[in-house]
Amino acid sequence: MRVYHFSEQAYFPAWDEHASTLRVTLPNRKCDPHVAADLFHRYYDEWQLCDELGLDVMLNEHHQTATCMSSSVAVGLAVLARITKRARLLVLGYPIGHRPDPLRVAEELSTIDVISRGRLDMGFIKGIPYEIAASNRNPTELMDRFWEAHDFILKAMTTHDAVFNWEGEFFQYRQVNIWPRVWQDPHPPVWSTTGSSTQARVLGDRGYVMATLGTGYGTRKVYDAYRKAYLAKHGKAPGADRFAYLGLVGVSHDREEARRRGYLIAGYLRTSPIVYPPFRNPPGYLPPEDNANVARRVSAAHLHKSRQGDFDAACQR
Amino acid sequence: MQHASVDDLIDAGVLFCGTPDEVYEQIVDFCGHCGGMDNLLMMGQGGELTHAQTVDNLSLFAREVYPRLKDWKQPDAEEAAKAVAA
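These protein sequences, in sequence, are chains Z and D. Number 322 marks the last residue of the first sequence (the working numbering); no jumps. Number 91 marks the last residue of the second sequence (the working numbering); no jumps.
Keep in mind that a hint or two might mislead.
Mimicking DSS-like on lysine-lysine, the simulated pairs with C-alpha atoms at most 27 Å apart in a straight line are [stated by the list, open to error]:
| # | chain 1 | residue 1 | chain 2 | residue 2 |
| --- | --- | --- | --- | --- |
| 1 | D | K87 | D | K75 |
| 2 | Z | K131 | D | K78 |
| 3 | D | K75 | Z | K226 |
| 4 | D | K75 | Z | K90 |
| 5 | Z | K131 | D | K75 |
| 6 | Z | K131 | Z | K160 |
| 7 | Z | K90 | D | K87 |
| 8 | D | K87 | Z | K160 |
| 9 | Z | K35 | D | K87 |
| 10 | D | K78 | Z | K35 |
| 11 | Z | K226 | Z | K90 |
| 12 | D | K75 | Z | K35 |
| 13 | Z | K131 | D | K87 |
| 14 | D | K78 | Z | K238 |
Partial list, computed: chain D residues near chain Z (C-beta under 8 Å) [what the hints assert, rightly or not]:
| # | residue |
| --- | --- |
| 15 | G23 |
| 16 | L54 |
| 17 | A57 |
| 18 | L65 |
| 19 | K75 |
What the hints contain is simulated information worked out from the structure, not anything from laboratory work. Quick caveat: nothing in here was measured; it's all calculated off a predicted structure. Every residue, glycine too, gets a C-beta built ideally from N, C-alpha and C.
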C-alpha cells in the first residue's frame, strides 16, 4: 500500500468569522498575509517531513476560500518538486475543465514531472460546485470541456516527433510542441475522483486510478461499478492499485489524544460545507437525473421531519 | 458528516482514529470491505491541528502503522471482480 499525506492548507484563523460562508464571498480582508505565509511554510515543512518519513504527498486546489489556501496546484507542485526527493507528488486534483488554457496545464505538469525526476501523479477532476462562481464557466458544458482538455493534455504529452494542430470545440492551437517533454513514459499516471457509479464506470473503462473521498462504507458500490467496467474492457480484474480512498487519520499511543486529533482534523468536514446556498448547486452542474435524486432525498427528509413534528406535537398534546 | 461525532466518523469509515494498533485494524477492515484498496490518501493534518501534533501524528503513523500496511495482503482481485460479474 502507498500512503499519501494530504492537507488542504487551511486558513483556519478565519473560520470563526465567516457569516455563513467560508467560500466564494468571504472577504479576503480576513486573511492576514503574514499569518498565511507562516501557515504555508508550516504546511510545506510537514510535507517535507513526509518525504523523509517515506510517505507520499497529495495536494489539491480550491478557490476563494479559507478552507484551502492552495489556489493553484502548479505553485504547490513546483515547490514540492524541488524540496522533496523521494515522495510521489499526487495532484488530486487539477480542475482542467475550469482552466482557460490546457496547453499551459500540459507545460506546467511536464515541467514538474521533469524537475521531480518522474514523481508526478496527475489527477484530473471536475471540481466542486462552488468553483463555478470563481472560474465563471458554464456548468452545462463543464464535463465536455474537461474531456477535451484531458484529450489534449495527453496528446501534447505523448507527441514527440512533430508539431500538431488542435481544432476542438473549446480549444484551438497551432504548432503544439511542449518543452520539456514528460519524464515518465508515456506520461505520468492519470488519476481522478468520483462518488458516483456512473463516473466510476467511465474511469474503469479507461483504467485510471480512481479515488473516492470520504465515502466510508458506501465505497464498495462505487468500486464495484469500476470493477465491472474494467473487467468488460480489459478482460481481467483491476488490481488494488487502481483504487484510492481519502480518509482522516488521528493516531496516538494516548487514546484521548488520538480522539482529540481526530476531532481537530475533522474540522475539515465541519467547515467545508459552510457556503452561501446559491453556490451549492448551480443550474446545469449536475445531470438532470442526479438533480431528481437530490430533490427526492430533500423531499423525503422534509416529509420525515414534518411527520416527526406532527408526532412530537401529538405527544405533547 | 458535518455534525458527526468522532465515534460516528470512525463507524462510518471516514476517520481512522486511535492507537497505532486500532488505526491499523480499522484501515485493513475498510480495505477488506472494499475488496482491495492500495492507495490511502491520508488527511493527517486538518484545521486547527497544531504543527507539533501533526509532526507526531505523521511520524507515529509512518513508524508504527505504515510498515504493517505495506506487508498486509490485499484481497484477491479476481475474486472481488467475480462477485460483480456474477
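Legend entry - Restraint check for K75/D with K226/Z, where alpha carbons must lie at most 27 Å apart: holds (25 Å)
Legend entry - Holds or violated: K75/D to K90/Z, with C-alpha atoms at most 27 Å apart: Holds: K75/D and K90/Z sit about 21 Å apart, inside 27 Å.
Legend entry - Pair hint outcome, K131/Z versus K75/D [Cα-Cα no greater than 27 Å]: violated (31 Å)
Legend entry - Straight-line alpha-carbon gap K87/D to K75/D, limit 27 Å: Holds, because 25 Å separates the two Cα atoms, which is no more than 27 Å.
Legend entry - Residue hint L54/D, partner chain Z, criterion CB-CB below 8 Å: holds (4 Å)
Inset, instruction - Could you check if G23/D really has its C-beta closer than 8 Å to a C-beta on chain Z? - result: Holds - the Cβ of G23/D comes within 8 Å of chain Z, reaching about 5 Å at its closest.
Legend entry - Hint check, L65/D versus chain Z [nearest Cβ-Cβ separation less than 8 Å]: Cβ of L65/D sits 5 Å from chain Z, so the hint holds.
Inset, instruction - Mind checking the alpha carbons of K131/Z and K78/D for me, to see if they're no more than 27 Å apart? - result: violated (33 Å)
Legend entry - 27 Å Cα cutoff - pair K78/D, K238/Z: Given pair K78/D, K238/Z holds - Cα atoms ~26 Å apart, limit 27 Å.
Inset, instruction - Could you grab the alpha-carbon distance between K131/Z and K160/Z and see if it respects the 27 Å cut-off? - result: holds (20 Å)
Legend entry - Holds or violated: K75/D to K35/Z, with C-alpha atoms at most 27 Å apart: violated (43 Å)
Inset, instruction - Compare the distance between the alpha carbons of K35/Z and K87/D with 27 Å, and conclude whether the hinted pair is satisfied. - result: violated (54 Å)
Against the hints set out earlier in the document, violations occur for numbers 2, 5, 7, 8, 9, 10, 11, 12, 13, 17.
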